[in-house]
Amino acid sequence: KQEVTQIPAALSVPEGENLVLNCSFTDSAIYNLQWFRQDPGKGLTSLLLIQSSQREQTSGRLNASLDKSSGRSTLYIAASQPGDSATYLCAVSHSMNRDDKIIFGKGTRLHILP
Amino acid sequence: AAGVIQSPRHLIKEKRETATLKCYPIPRHDTVYWYQQGPGQDPQFLISFYEKMQSDKGSIPDRFSAQQFSDYHSELNMSSLELGDSALYFCASNSRAEVGRSAQYFGPGTRLLVL
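Residue numbers (the working numbering), protein chains in the order written: chain A, -3 to 110; chain B, 391 to 505.
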């Protein structure tokens, strides 16, 4: 059974710092891995999608890496801003029977201190 | 670009009532997924449909049922509502031809509150 773990569960850092969020998954049979952002009580915003054949994706100040063989991904946020405060969810699209249901981690609650 | 549409956006029900949530996928998407996110929890997969047939089933209670219609929209029917059903319900869509190559596109969610 695929399990997705995110460490740390919560993180507070001063504005301007670079930071890394970690994600691990137990079954490497994935189609892709996504990082989502979720503000309190709001929907899911897809940040980055990494296909299983890729090693990283970049969007602005965000960089996500994928090491499929070791079951790990990191989300790097450069020059953090107070507006980055949110919960960040790692999710894998699990390849079973041609279905790609998404399995989420429990998220990292990020708070950027002004 | 058109996105996944969910209705209603907010719903308040009493215990033991029924609720119907609707999802309209992105045009030309033939696969729909339902997820439930309880307070402070991560989203959990409930059920998925492809071409109007149930494709996969997750942790969906027996009190819930869902279907996909000929226009590919989907409805999640919830009966005998319990307090623990209060959650944010997400719908996502994709094209089966794109499975593995593109992401599922998520709707804004329906927030259900059971009193």
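Just so you know, these hints were derived from the structure itself, not from any lab.
Model, not experiment: these values are computed from the prediction.
A few of these clues could be false.
[Unchecked claim] Below, computed lysine-lysine pairings styled on DSS-like, alpha-carbon distance capped at 27 Å:
id	chain 1	residue 1	chain 2	residue 2
1	A	Lys(-3)	B	Lys403
2	B	Lys447	A	Lys38
3	B	Lys412	B	Lys442
[Stated by the list, open to error] Anything over 12 Å on all C-beta distances counts as not near chain B; from chain A, calculated:
id	residue
4	Ser8
5	Asn14
6	Asp23
7	Ser24
8	Leu58
9	Ser66
10	Arg68
11	Asp80
12	Ala87
13	Asp96
[As the list claims (entries may be wrong)] Partial pick of chain B residues on the chain A-facing surface, computed with a CB cut under 8 Å:
id	residue
14	Pro433
15	Phe435
16	Pro498
Backbone N, C-alpha and C fix where the C-beta goes; we use that ideal spot for every residue, glycine too.
Checked hints:
1. A:Lys(-3) / B:Lys403: Roughly 34 Å between the alpha carbons, so the hint for lysine -3 (chain A) and lysine 403 (chain B) is violated.
2. B:Lys447 / A:Lys38: 25 Å, holds
3. B:Lys412 / B:Lys442: 14 Å, holds
4. Ser8: Check passes; 18 Å lies beyond 12 Å.
5. Asn14: 25 Å, holds
6. Asp23: 15 Å, holds
7. Ser24: 14 Å, holds
8. Leu58: 15 Å, holds
9. Ser66: 21 Å, holds
10. Arg68: Holds, because the least Cβ-Cβ distance between arginine 68 (chain A) and chain B comes to about 18 Å, which exceeds 12 Å.
11. Asp80: Answer for aspartate 80 (chain A): holds, closest chain B Cβ roughly 20 Å.
12. Ala87: 8 Å, violated
13. Asp96: Its Cβ does come within 12 Å of chain B, the nearest being 5 Å, so this is violated.
14. Pro433: 5 Å, holds
15. Phe435: 4 Å, holds
16. Pro498: It holds, given that the least Cβ distance between proline 498 (chain B) and chain A is near 4 Å, below 8 Å.
Checked against the numbered hints above, the structure violates hints 1, 12, 13; every other hint is satisfied.
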